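Model the full structure from these sequences, guided by the hints.
If you want the building blocks of each chain, they are given just below.
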Amino acid sequence: MAVMDLYARRRLRNRIVLFLSFGATGIGLGWLAIILGTLLFEGASGLSLKVFTETTPPPGADGGLLNPIVGSLIMTTLAVFIGTPVGILAGTYMAEYGRFSRITHVVRFINDILLSAPSIVVGLFIYEVMVAPMGHFSGLAGSVALAVLVIPVVVRTTEDMLALVPKELREAASALGMPLAYVIGKVSYRAARAGIITGVLLAIARISGETAPLLFTALNHQFFADFPYLNAPMASLPVVIFQFALSPYHEWQSLAWTGALIITMTVLALSIIARTLASSRKTS
Amino acid sequence: MVDIAFQGSSAAEPITGSRARTLVKLRVTDNAFHHITRAAAIGVLVILGGVIFSLFTGAWPALQTFGLSFVTEQRWNPVTEKFGALAPIYGTIVTSFIAMLIAVPLGLLITLFLTELCPMWLRRPIGIAIELLAGIPSIIYGIWGLFVFAPFLQRTLQPALIDLFGPIPILSDLFAGPPYGIGILTAGLILAIMVLPFITSVSRDVFEAVPPVLKEAAYGLGCTTYEVVRHVVLPYTRVGVIGGVMLALGRALGETMAVTFVIGNAHRVSPSLLAPGTTISATIANEFTEAVGDLYTSSLIALGLILFVITFIVLAAARYMLLRIERRIG
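These protein sequence lines are chains A and E, in that order.
Per numbering that gives the first Met the number 0: the first sequence = residues 0 to 283.
Per numbering that gives the first Met the number 0: the second sequence = residues 0 to 329.
Worth flagging that the hints you see were computed from the coordinates, not collected in a lab.
Treat each hint with caution, since some may be false.
The following label-pair restraints were derived from C-beta to C-beta distances [unchecked claim]:
| id | chain 1 | residue 1 | chain 2 | residue 2 | range |
| --- | --- | --- | --- | --- | --- |
| 1 | A | Phe40 | E | Ser171 | 31 to 39 angstroms |
| 2 | A | Leu11 | E | Gly49 | 24 to 32 angstroms |
| 3 | A | Tyr228 | E | Leu213 | 56 to 64 angstroms |
| 4 | E | Asn30 | A | Leu48 | 53 to 61 angstroms |
| 5 | A | Met133 | E | Leu170 | 48 to 56 angstroms |
| 6 | E | Gly49 | A | Tyr228 | 20 to 28 angstroms |
| 7 | E | Ser171 | A | His249 | 36 to 44 angstroms |
| 8 | E | Leu116 | A | Asn230 | 37 to 45 angstroms |
Since the structure is predicted, the reported quantities are computational estimates derived from the model, not experimental observations.
Even glycine gets a Cβ: it sits at the ideal position worked out from N, Cα and C.
Shown next, in the form of structure tokens:
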């Protein structure tokens, strides 16, 4: 009898935990659905051509998000152009030249920490080294701050992807008399191309929603920045959303929702493309 | 190796001038590439050094003025230039604690579902969906938290908590005051959703690395699914799971925008979880561009330094543990 009791109790406990685990998954998925649903509901109503053709309005007036969208595009592009080469080269060193060297171990450890370090600290860092000496906020400083966030993502994926390239490929190339630099350029990079592109896409996804590092580097700008663009404060989509959402004006708040929808869709599309790229490589 | 190959052939056919030049060019390119890539790798270390150095020099005036009292003083008064970081530090720790309290069990239960219960064809889609939660930018959580989640909590959960714990002596302090909607509890709850994917993805990786024979042996003894996970999988993967939890904690501590929207930005240490508070990152985000005076700016940078040191330690511990489990699993 006592044995049956114990058995029943164990089964009951198991059932409870399994039920909770169903529930937890439901909560996780439900939350994603609620957030995306709210975004679509609140953001889609404000979505019109005007959003992409007009600059941000003064309080109480109509307008669009043209200048923050352009600002975000400029700063993201520039950040990728600065950050990607550094990231790929560093990842190359770690996977190819110095795979077992001490520097690689240290860099890998530090890089993984930088990958999750608070982005607002990066903003403070760039403020200290660029904004304060130059005396004013600028789109360039914003781009550099974003580039600092790009580097760890690219380093990590490049190293991982190069490490997956079969060593027989490299050996075959070396046996033909190719110096290592050419083996890397003509063999390793080609074999790992999809993976490295994935890393860059993930990095773009990461920085296109970043707000904190831009708050005190690129600041914000009501209209198009004065020429030369990069040397002046520059609007960006996340910072404008931050400013507009916290404002008391209805038009601004609804523009903030529309901007939020645009960013989220961009980021999710990028990460899904990156995922399919990565997984198609794995199965082939 | 290149030289040997060419020297071998040189016996039959002497190296001509152009071939020797090519060889030199190849070697120079290779050397240059080697050094450039190494410089880039060292660049990563330089970034870290730069962050620490610039934060330290920026924070120095404040640290010099206030000394140790900077972290024990609650007052934050830009007018009299008296700055103490106790309230933001307290807010950071409490919101992260609430987040972990919810996200750790929730994340482990989802992992259990994904690794033991879920049919194979559903694992990938559900796994990706949970990880998409990490892909949503934090400002989206912020705007959603402010306009949707906080009003919802104000109407439902918070009055219920006040009613429920009101008559109980100590707990009533935790849930005292009017339901504002925004506040420490709301920030903690939003952080919990945000860090959930980090816990799930790391623990999923380590759960799947448990040798099947261990689990099969336990099932063969008649263990229930829960018992297998609790007594076989978890002990085997403990280090990895803790590493994942620390990683999530590092994220929660440094999270800025989502918290800034819903925390309420009040520089005080209040025992009530429903009261508005502030965190280190929210204080910096809110006040940095408006800070006038060197001491004010320096105090905010000192806050950043404290945040960076705390997250660095947490993340380094996380990495160390994940390295240990990687080595074991191989």
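The hints, checked one at a time:
1. Remark: the range hint 31 to 39 angstroms for A:Phe40 to E:Ser171 is upheld by a beta-carbon distance near 38 angstroms.
2. Range check, A:Leu11 to E:Gly49: Cβ separation about 57 angstroms, and the 24 to 32 angstroms hint is violated.
3. Range check, A:Tyr228 to E:Leu213: about 60 angstroms between beta-carbon atoms, so the 56 to 64 angstroms window is met.
4. Between E:Asn30 and A:Leu48 the beta carbon distance is about 55 angstroms. The supplied range of 53 to 61 angstroms therefore holds.
5. In this structure, A:Met133 and E:Leu170 meet the distance hint of 48 to 56 angstroms, their C-beta atoms being roughly 53 angstroms apart.
6. At about 26 angstroms, the beta-carbon gap between E:Gly49 and A:Tyr228 stays in the expected band of 20 to 28 angstroms.
7. A hinted range of 36 to 44 angstroms holds for the C-beta pair E:Ser171 and A:His249, which are about 38 angstroms apart.
8. As the Cβ distance of E:Leu116 to A:Asn230 is approximately 57 angstroms, the hint placing it in 37 to 45 angstroms is violated.
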